[in-house]
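Novice: Residues per chain, in single letters:
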Amino acid sequence: MHLTRHEHVCLTRRGVSRRSFLHAVSAGAVAAGSLSFRDLLSLEAAELRKQGRSMILLWMAGGPSQLETFDPKPGHENGGPTEAIKTSVPGIRIAGGWEKTAQVMDDMALIRSMTNKEGNHQRATYQMHTGYVPSGSVKHPSFAACVAEQIKSEDLDLPSVVSVGQTQGAGFLGAQYEPFVVQNPGQMPQNVAASVSGKRLKQRLGLFGKLEDQFAQRGGQTVVDNQRQLYDNATGIVLSEQTKAFDISEEADGLKAAYGDTQFGRGCLLARRLVETGVSFVEVRKNGWDTHTDHFDRIEALTAETDPAFAALITDLKQRGLLEKTVVVWMGEFGRTPKLSARGGRNHYPRAFNLALAGGGIQGGQVIGSTTDDGTAIKDRPVAVPDLLCSLCQSLGIDPRYEHISPLGRPMKIVDGGDVVSELFA
Amino acid sequence: MRTLSAANARRSHAHPSLARWSAILLIAGLVGPVMAVSLASAGVRKDALPKLKHKSAESVARKVDQQILESLAAQNVVPAGQATDEDFLRRVSLDLTGRIPTPEEVTLFGLTPGDEKRADTIGRMLESDDFGKTWGSYWREVIFSRATEMRSRRSQGVFEEWIVEKLNDNRSWDEITTELLTATGDTSEDGSTALIFAHGGDAAELASETSRIFLGIQIQCANCHDHPYDTFKREDFHELAAFFPRVRLRREKDGKKRTFHVESADNVRDDNRQPIDLDQVFRFLDRNRDGKLTKQEARRNKQFGKRFARIMKRGDKDSDGALSREELKDLPELPQNRPGRGRAEYYMPDLDNPTDPGTRTEPVFFVSNQSVPFGTEDLDRRGALAESIVSPRDPWFARAFVNRVWAELLGAGFYDPIDDMGPQRTAELRDVLDTLAAGFVANGYDIKWLYRTIALTDAYQRSMSGDESDSTSPAFAAMSPTRLRGDQIYNAVTQILGVKRLGKRSLGGGGGMRMMGYGRDNAGRGAFAALFNYDPSTPQADLMGNIPQALFMMNSPVTNGAVKGRGNTVLARTLHEFSDDSAALSEVYLRVLSREPTEAEAEICRQHITETGNRTEAFEDIMWSLLNSSEFLTKR
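Same order as they appear, the protein sequences are chains A and B. Here the working numbering is used: the first residue of the first sequence is 7, the next is one more, and so on. Here the working numbering is used: the first residue of the second sequence is 87, the next is one more, and so on.
FYI, nobody ran anything at the bench for these hints, they're computed from the structure. A couple of the hints might just be wrong.
With the Cβ distance kept under 8 Å, some of the chain B side facing chain A (calculated, not the full set) [claimed, not checked]:
#, residue
1, Met211
2, Arg298
3, Gln306
4, Cys307
5, Ser551
6, Pro567
7, Leu570
8, Ala636
9, Leu637
10, Phe638
11, Met640
12, Glu687
13, Ser715
14, Thr720
Simulated crosslink set (DSS-like; lysine-lysine; CA at most 30 Å straight-line) [said to hold, decoys possible]:
#, chain 1, residue 1, chain 2, residue 2
15, B, Lys399, A, Lys385
16, B, Lys388, B, Lys339
17, B, Lys403, A, Lys385
18, B, Lys139, B, Lys203
19, B, Lys392, B, Lys342
20, B, Lys342, A, Lys345
All C-beta atoms in this analysis are idealised placements derived from N, C-alpha and C, irrespective of residue type, glycine included.
Can you build the whole structure from these sequences, using the hints too?
Specialist: Structure, rendered in structure tokens:
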């Protein structure tokens, strides 16, 4: 007995993703016909909760220099004054300033051979967030939206995609997967707290519902149905206990200090609280990596904020048993020119750059690929954007060739092309 | 002369030298950019628009209604009745002025006698400056919500000012289109550069958007392959893109002002035309015969000398400061069709071989098959395309605009999505669309004429369907509710609050709020637009709002201020002024929804007042419910 397409569709409509359904139901049980449809559904729901996979993207906006992060070149003039320091993994050295991150290298994989063609901030940011280059004719959904669409938890009252700072939208996947943007991590997002008591809000909603029925009868049925769905979700957030996840004040002072009392530190701590609550995708943005001038001074300040938060996040996730289910990605839209400019800065360089990964089943303590001594070219194992996204799909248990249909009827895969970087999962 | 030039252009595929001659002749101004009309254009004729006996707004509106009624009668459908004065006034105010009527306007309109009051109101609103403002913001969103060059967003305000003035002066749609397609100049001063700036001057994106916006045809599906369900070939797309390769977007370097200029790159050599003749190059330039060209040697040829440094950057593999024969031979190709940098000709990429220079492609407009020869200057190319697009012989130009405006006003288009029309698509009531399009052409693409005509139809003035769900009722038998755009909601909210503008703080920030360039003079409007605006080409069925919008309406400082029943607020004043609950209720309904409550609604509200036992709080709840209602966010 095969699962028919019809059953898949029904399941998807009930909000159960096809992927986890296939994971959940052993072929044997289905073949024996021993499970009723209802059994399948409840089994599925349990499996989904158990899985609870998620992704945290630490977005280094502006394009972080690979030479001052995870691919230092101390022996070469291109390397500048940056030193290479030892990490917890013998043989892996990263740039000075990243001392705390160096201590969690056992859990991290570095890719030093990322390569791409887009050297314009907007285009590259779009591409790294969607897997596609921008086009006026279609608004590609963000990878975050695709992930949430596939694995979001049904028990979650909060939005399934949250971003600390502005980011790419859900494109044609629609409002349900739009990122919920938090500007000030640590504070309650504005407009989430009700201005009246819960009791009064429910009274209001009662009145509101009755008046909405009147408009539905006058010809507004469709818009009323939409509005009701939306307000059910919004009210769910407002009244939910889960909004406590946004409040980081109850965390221990020591832990808060480990993350750092900075915008990015609070954002990372918030990210952990959100994935713990069941949010599928959290992005935390760190601006300022576009270091055309004052390069080394600015890098020092950026690193001082980023390093402790990144390391604390990985340690914290691990201690709570969340790291195995949460893939963490540290990256920006491109790297920077190995050769220092006349102004002592580094310009945009998509040809060879680096990123760091942890969790989600990724084998830590390894480096993938390498660059030439002067850092200008990939020496071995080039990794392109689709390869990276395929690997993230693998980590999240998503089929990268799953097709969404664009508004003009064109099927679009979550990731077009590319292969899983299999060494990551070795 | 015409035949000669066209023949040259055709032959030029095989004889580059001939093409060069014609190019030189063109540059010398000996021949103009002569349009070559192919016989194949006869195929378009069967698409032609009908002839109209009368072209006045009133008579075309009558014809439209007659055609719709015939169609409905054939389906045994009785259309919905005429909308009430309240519903009509709110609808037409939102459509033609972008705001809701005040309680006073609603009352006055209801009391005005006579058959002409609706037509008079339409005429008056079309003459108000608010007409240009509301549709100017609409067009800003049409263009910029698909922008691929994000830095163009800083020019949104410049564009909006430009188009508002055009619309209020009632400049014709063909004039506006031509200016957008042929623009050159400073993007921070000249709003007509918006479309080109929005796509960084990229020929392929400009082809897509030109076709989508002005013709309603999604030709870009043919970018990589023949169109899947239309007859367009891959060549059709790239031949359209070939009208734009010479567009250049130049960053202003000097001076304090950071800006971009849209320019014509007519002095750029067609660098992919011929492979370099290495023997010849070395024979003339390599003086010491060491098989390498140095900077000094390269200088002997003025052109080559100028480009030497750049070629060295790409080609000097062994970094010896000179170019060997091998290095020159293996010179990496320049990236194809470098967007916005300006190239002499357009090259259609070879999909199987991305490093291949591609096929040099002649500009041909797929609707009329009109072409211009290789070598034609930028503004002549773009001018020829614009002329061909706005020609009355191109029925899709008029249809696309009519379909868009009709869909905005009626809530559903003849074609849906509104920008996906074309010969292979099926339309609802295509004869009605064609009647309007013919009238639009006959009136010289007069934009206000079109709005007047549509607003005068019975179809526009029908009420919503009370007993059937919107999706099952036949086209235009009843009004379809449509979602308000961000600017309309902003205007409604400020009017209800009785303030001129909202401060940024009052919006609550939070989810999704962001400053937009054009909003700098009015932070509240910009942030509001960022939260509530949407791409106006999105089908109504896909517009469902989002969580941050709902949270804003539920809990923001704006809402909290509006619903407060104590202190110096609109609601508090209303409650003070009208001690009678029913009168106060009418006032609140008129202010928020521009109508009186129905008896059933009044009953629900009175019950709530009784149950709550606190008049102020009960009215706060009512005001909150109305502001959050789907009706408030909807044009009914």
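Novice: Holds or violated: B/Lys403 with A/Lys385, Cα cutoff 30 Å?
Specialist: holds (16 Å)
Novice: Quick check on B/Pro567 please, does its C-beta sit within 8 Å of some C-beta on chain A?
Specialist: Holds, because the Cβ-Cβ distance from B/Pro567 to chain A comes to roughly 5 Å (cut-off 8 Å).
Novice: Need the status of pair B/Lys399, A/Lys385: alpha-carbon distance at most 30 Å?
Specialist: holds (20 Å)
Novice: Mind checking the alpha carbons of B/Lys139 and B/Lys203 for me, to see if they're no more than 30 Å apart?
Specialist: holds (27 Å)
Novice: Would the hint on B/Thr720 be counted as holding, given a Cβ-Cβ threshold of 8 Å to chain A?
Specialist: holds (5 Å)
Novice: Closer than 8 Å between Cβ atoms is the bar; does B/Arg298 clear it against chain A? Give me holds or violated.
Specialist: holds (7 Å)
Novice: Taking the closest Cβ pair, is B/Ser715 under 8 Å from chain A?
Specialist: holds (6 Å)
Novice: Could you check if B/Met640 really has its C-beta closer than 8 Å to a C-beta on chain A?
Specialist: holds (6 Å)
Novice: Hold the hint about B/Ala636 up to the distance rule: shortest CB distance to chain A must be less than 8 Å.
Specialist: holds (4 Å)
Novice: Tell me if the straight-line CA distance from B/Lys388 to B/Lys339 falls inside 30 Å.
Specialist: holds (26 Å)
Novice: Does the closest beta carbon of chain A sit nearer than 8 Å to the beta carbon of B/Leu637?
Specialist: Where the cut-off is 8 Å and the nearest Cβ of chain A is about 4 Å from B/Leu637, the hint holds.
Novice: Does the CB of B/Leu570 sit less than 8 Å away from some CB of chain A?
Specialist: violated (11 Å)
Hints 1, 7 from the earlier list are contradicted by this structure; the remaining hints agree with it.
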